[in-house]
Amino acid sequence: MEQWAILSGIEGNLVAYEALLDDIRRQRDSVAELYVLGDVVGLKGDNRAVVQRLQSPRTGELEPQVCIGWWEEQCFNLYLLGGLPDAPELIAQEGADTAQHLFESVSRESVEWMRSLHFGFHELDCLLIHGSTVGYADELTPDMPAIQLCDRLIRADAKNLFCGRSGLAFECWIEPSDLCSTIVTLEGTQAPKEQGRSPRRVVGVGNVGRILGQATYTLYNPANNHITFKTVKYGKAKGFALQGSQSQHGHESPDIRASR
Amino acid sequence: MKLAVMSCIHGNYEALNAVLSDIDRHKTDQIYCLGDLVGYGPHPNAVVEMIRSLDIPTCQGCWDEDIVDGLNACDCSYPSQLAEKRGKQAHEWTDQVIHPEVREYLANLPITLQAENLAFVHGSPNSQHEYLLPSMDGFAALERVLSTGADVLFCGHTHVPYVRDLEGGKLSMRVHQPGQAETQKQSTVSLKRIINAGSVGEPRHGRPNATYVLYDTDSKQVTLREVPYDYQKTCLAIVEQGLPPIFAWRLARGMEFAERADDPNHVCQR
Ligand SMILES: [Zn+2]
Ligand SMILES: [Zn+2]
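Those sequence lines, one after another, are chains V and P.
If you want this note's numbering, it's the position in the first sequence, counting the first as 1, plus 17.
If you want this note's numbering, it's the position in the second sequence, counting the first as 1, plus 2.
Read the hints as simulated data drawn from the structure, not as lab findings.
Predicted, not measured: the structure shown is a model, and the values here were computed from it.
For every residue, glycine included, the Cβ atom is placed at its ideal position computed from N, Cα and C.
Heads up, a few of these hints could be off.
[Said to hold, decoys possible] One-sided and incomplete, this derived list gives chain P residues near chain V with beta-carbon spacing under 7 Å:
1) E145
2) H178
3) L226
[Stated by the list, open to error] Okay, the calculated beta carbon distance ranges per label pair:
4) P112/P with L101/V: 21 to 27 Å
5) F136/V with D220/P: 45 to 51 Å
6) E19/V with A117/P: 54 to 60 Å
7) E111/V with L238/P: 15 to 21 Å
8) K61/V with Q91/P: 48 to 54 Å
9) K61/V with I248/P: 54 to 60 Å
10) D174/V with E242/P: 42 to 48 Å
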C-alpha cells in the first residue's frame, strides 16, 4: 500500500535530509507522496544547498511538496517580502546578529521561491501544515489543553492535522462528545442540540535537522489511517553521512483503526 | 448585580439615547460597551463623547481599530466585495470627521475586559474581526469562552443578539509518542455561556429597533432587549451627511443588505 512521507524542520541540514531520503527509498511499502511541512532553512546548515535540493529532485525521486514554515516567514520579513520588516519574532528569539546571519545564508531567489509555496495542503481528510490554520507560529503539542487541539482540528476541517512546528513526533486523538448547545434569540428558544464528533487526530511529524545525527519523520498510510514514526540515525561528519547513513526503524505505533 | 451590555453603536446617537433611557428604567448597576462606537452612522463624535462622559467601560471594536490603524483590513472584515466598497466610503467619511481626541480615545480602548467570571470582547477573544455566530461549532465556541478563563463571554460584532448555553461537553484525549507509554485523559467542561449583545445602532435581526442585553449576576438571568426609537431621524442624517444611502435603507429594515459572510469561520491573520 502506498504511503506518504511527511517531514518538517530540515533547517538547512542537507546531510540529515539525504539520510532521510535514503530511508524512504528503503521502505518496503512504496512512498507515493513526500510532504515537507516548512522550516527547510535554519541557522546551522547550508540553506542554499537544501533549497536547491528541494527545487530539483533527481531522476526517479519524488517531487517534494513544500509549505511555508516559521523560518521561511522570517526570511520573508528580512527580504521585505512579508508583513513585519524588522522581523520582531526572530530578533526576540535569536538576536540581531542571527537575523544578519540568516539574511546572508539565503539568496533573494530562494526567498522568492519560498514565497511561492503554499501555507499548507488539504489532501483527502488531512490538513498538512507547519503550525495550524491559526498561524505558522502556532505550536501544537500533546501538552496543550484538549479543547485547544479540538479547536485546531475544527478549524482545519480535517480528520488528521499533520504539523511540524513543535518538532515533536506524536499522535494525539481527540474525541469531543456530549455537548448540549441551547440558543435563545429574540425569536425564542431553539431546540437544544447535542454536539459531538468522531475522534480526530493531531500528528506532530517530528524534526529532520535540529538534532545532529538523528532525523525523525512520519509515514502515513491513507488506506488504513496508520501512522509510523521513523527515526533515522546518520553519521554526523559531512561526506561520510551520504554513504554511511544507517536506518534504525522507529518505534512502531500500535494499530489504529480508521476513524470513519 | 444588574448589568447592561451593549455593542455596535456605529455613530447612531438617536439609538444610543433610546437604549440609555431603557437602561435607566431597568435600574442597572453597571453598563459595559463592546465597541464599534463609530462607522456607518452620522454621529461618531457625539456617540464617543456620550460613552466617555458616562465612564462606560468599553472594549475596542473592529471599526474603532480600523479608524485608528487605517483600513488594512483583511477581506474578512466585510461579508462581500460590495459591502467592502461601501464600508470603505463609510471609513473615509468617519476618518475625516472624527476629532483627534476621539481618535485617541478609540486607540486606547482595551481589546478585552474582565470582571470576575465575566469576559467582554467585541468579536471574539482572538480578534475584533472574528464572528461568533450562533451556528459556530459548539466545541469551537467553547474554546473561545475557555480561552478567557471566564464562565460567561459577552460579545457583539454580528449585530444579532443571542444567548448560547454550552453544557456537559466532554473531551477525551489519547496521546502516543514514540518510546513512551500511551496516555489517556478525559475532562468534562462545566456550563459556559456566550451572550451576544446585538447592536444598538445598526441592528440586523430583521427589525429597526436597537438591541442590547441585561444580565443579572446573581440569578444569571439574561434579557434580550429590543428598543424602538426614531430611526428615521438617523436615516435622514445619514443621507444628509452624504454617507451611502444604502446604510439608511438597511437601518430602516434592520437587515444586512443581501450580504452574508462568505466564510464566517475565517480568522483574520493580520
Ligand atoms: Zn459592529
Ligand atoms: Zn465589528
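- prompt: Which numbered hints does this structure break?
  reply: 7
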